[in-house]
Amino acid sequence: MRIFLVWTLFLMRATSTGPRQVTVEQGSSLALSCSYKPRYKLSFKYWSRKSSLMTSMIQTDGSEVTVTRDRVSIRDNHTANSFTVTLSSVTAGDAGRYSCGVKKVGISRGHSTEVMVSAGKTGLEGSWQARKCPSPHPHSPEPNKALVQPPFSYTGPSPVSSTCCFCSASRCQWHWL
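Taking mature numbering (1 follows the signal peptide of the UniProt record, and there is no 0), I'd label the letters of the sequence shown as residues -19 to -1, 1 to 158.
If you are wondering where the hints come from, they were derived from the structure by calculation, not from laboratory data.
The reader is advised that the hints may include incorrect statements.
Unchecked claim - Pairwise CB distance ranges, derived in the manner of DEER restraints:
no.	residue 1	residue 2	range
1	Gly74	Arg1	30 to 36 Å
2	Arg52	Arg20	18 to 24 Å
3	Glu45	Lys18	28 to 34 Å
4	Thr72	Arg20	25 to 31 Å
5	Thr49	Val86	22 to 28 Å
To be verified - For lysine-lysine, the following DSS-like pairs were computed, each having C-alpha atoms within a straight-line distance of at most 30 Å:
no.	residue 1	residue 2
6	Lys22	Lys85
7	Lys31	Lys84
8	Lys18	Lys85
9	Lys18	Lys84
10	Lys31	Lys18
11	Lys84	Lys22
12	Lys85	Lys31
Every residue, glycine too, gets a C-beta built ideally from N, C-alpha and C.
Take the sequences, apply the hints, and build the full model.
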C-alpha cells in the first residue's frame, strides 16, 4: 500500500495548526498525524467529516491503541503524544472538510482541513498503442496486432492489463480488466 500524503496537526489549547487544504490522488491512501499535549493522552481521539451535521468517522476511547472501521484506521501513540489516521483507497466521494482532534468532557479541540481528491493515473495517453491480440483480426494493419487510438483512459492506483475482444467485424474493441 502506498501512502500519498502525511501531514501533522498540532492540537494546542487555544488554536490548532496544520494545512487548510490537501490534495490526495484517487485510489491512494491518505495519512495524517495529529499531535496532542500529554494531558490529553487518555482523551478521545477522533477524525470526522464535516457536513450539515458533524459525524464522527472514527474515534478511540483514549485507552485503545488502534481502531479500524471500513477504510479508516486510527492509531494512538501514547509515548509520542500523537495519533495517525489513515484513509485507504481514496475515492472522489471522500473529498470534503474533515476535523482531527481530541475530546475531553464535552470539550473538543481540533483542526479543520479541506481534502481534495485528484484523478488517478491515466493510461494510454497521447499516441497510438500497439497491442498483440490473441487471434488475427481482418482489419488490423498486421496480423495478431491491433492499434488503439486515444482517448482511452483508466483511472486507478495500479497498472492496467488488457484483453482484446472482437465484438464486431469492423473493429477491434479493447476491454480493460
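Each hint, compared with the structure:
At roughly 21 Å, the beta carbons of Gly74 and Arg1 sit outside the given window of 30 to 36 Å. For the pair Arg52 and Arg20, the beta carbons lie near 31 Å from each other, so the given range of 18 to 24 Å is not met. Take Glu45 and Lys18: their Cβ atoms lie about 19 Å apart, and the range 28 to 34 Å is violated. Judged by the Cβ atoms, the range 25 to 31 Å given for Thr72 and Arg20 is violated: they are separated by roughly 37 Å.
As the Cβ distance of Thr49 to Val86 is approximately 26 Å, the hint placing it in 22 to 28 Å holds. Between Lys22 and Lys85 the alpha-carbon distance is near 10 Å, which keeps this suggested pair within the 30 Å criterion. For the hint linking Lys31 to Lys84, the alpha-carbon distance of about 16 Å falls within 30 Å, and the restraint holds. Taking the CA atoms of Lys18 and Lys85, the gap is near 12 Å; set against the 30 Å cutoff, the hint holds.
Restraint check for Lys18 and Lys84: the C-alpha separation of about 12 Å stays at or below 30 Å, so the hint holds. As the CA atoms of Lys31 and Lys18 are separated by approximately 24 Å, the hinted pair is consistent with the 30 Å bound. Note on Lys84 and Lys22: the hinted pairing holds, with a Cα-Cα distance of about 11 Å set against a maximum of 30 Å. As the CA atoms of Lys85 and Lys31 are separated by approximately 19 Å, the hinted pair is consistent with the 30 Å bound.
Consistency note: the structure conflicts with the earlier hints numbered 1, 2, 3, 4.
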